[in-house]
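S.K.: The lines below spell out each chain.
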Amino acid sequence: QQQVRQSPQSLTVWEGETAILNCSYENSAFDYFPWYQQFPGEGPALLISILSVSDKKEDGRFTIFFNKREKKLSLHIADSQPGDSATYFCAASEVNTNTGKLTFGDGTVLTVKP
Amino acid sequence: EAAVTQSPRSKVAVTGGKVTLSCHQTNNHDYMYWYRQDTGHGLRLIHYSYVADSTEKGDIPDGYKASRPSQENFSLILELASLSQTAVYFCASSEGLGGRNYAEQFFGPGTRLTVL
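As you go down the protein sequences, you meet chains A and B in turn.
Straight run, no breaks: the first sequence in my numbering ends on number 123.
Straight run, no breaks: the second sequence in my numbering ends on number 640.
Heads up, some of the hints might be wrong.
Claimed, not checked - Okay, derived cross-link-like pairs now, SDA-like style, lysine to any residue, Cα gap no bigger than 25 Å in a straight line: (1) A:K77 to A:V104; (2) A:K77 to B:L604; (3) A:K66 to A:E79; (4) A:K122 to B:G564; (5) B:K581 to A:N36; (6) A:K81 to A:P123; (7) A:K66 to A:D40; (8) A:K122 to B:T563; (9) A:K110 to B:G582; (10) B:K581 to A:D115; (11) B:K535 to B:A627; (12) B:K535 to A:P49; (13) B:K581 to A:P49.
These aren't lab readings, by the way, just hints derived from the structure by calculation.
Remember, predicted model here, so these are calculated numbers, not experimental data.
All chains, full assembly: derive it from the sequences and hints.
M.R.: Rendered as structure tokens:
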């Protein structure tokens with residue numbers, strides 16, 4: 010049973026549009042949700058994160074919306090740029106285990122067309 | 525900025541052979557992690573360590589051993605490599621979790637392992 014699910018698998022938007030990437034999870038104990046961005050041939054890099062006590066987190070063009078009751082969250086990328094083309098991973102962690110272990114989804118491949 | 529390096533960057537191994545992947549970090553981080561990534565999928569945790577000379581099993585430890593001889597170095601060992609272990613392997617490090625109990629993980633560039 011996959012603990013973290015992402016949709017869609019791939020997404021294409023035009024430059025300037027808002028891209029919406031979705032994530033859902035099974036484990037109610039997850040309470041830390043980072044999103045990682047990965048370019049081909051590189052390791053993932055932290056983009057933005059949220060704790061379950063919040064329902065929204067903004068950082069520039071990137072916003073996470075979080076719904077604890079439905080165990081869903083989404084990453085909105087406003088004014089998408091071709092340089093945003095990458096794979097985006099939603100991850101989750103239980104902070105009270107004190108291990109830092111992350112469980113990753115399978116990712117969404119975003120393509121931004123100029 | 526966090527610096528995590530991995531060696532080799534790519535390797536071809538034969539089935540049944542021994543493979544050692546190395547990771548080095550210069551950030552004075554306490555925690556280190558090994559993940560594998562299969563094509564089209566996310567990362568899965570193999571082993572991790574929060575202090576030198578100690579390692580912990582992750583979610584998919586079977587067929588892998590880990591070694592943390594110092595704070596800076598963390599190795600992943602495949603004693604008997606198998607075809608199913610063909611993947612990209614990523615090492616990551618993070619500072620001590622502290623009172624927050626979570627911390628950003630900094631990833632290396634990955635090692636592409638092909639087992640023939």
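S.K.: What are the numbers of the hints that this structure violates, sorted from low to high?
M.R.: 2, 6, 11, 13
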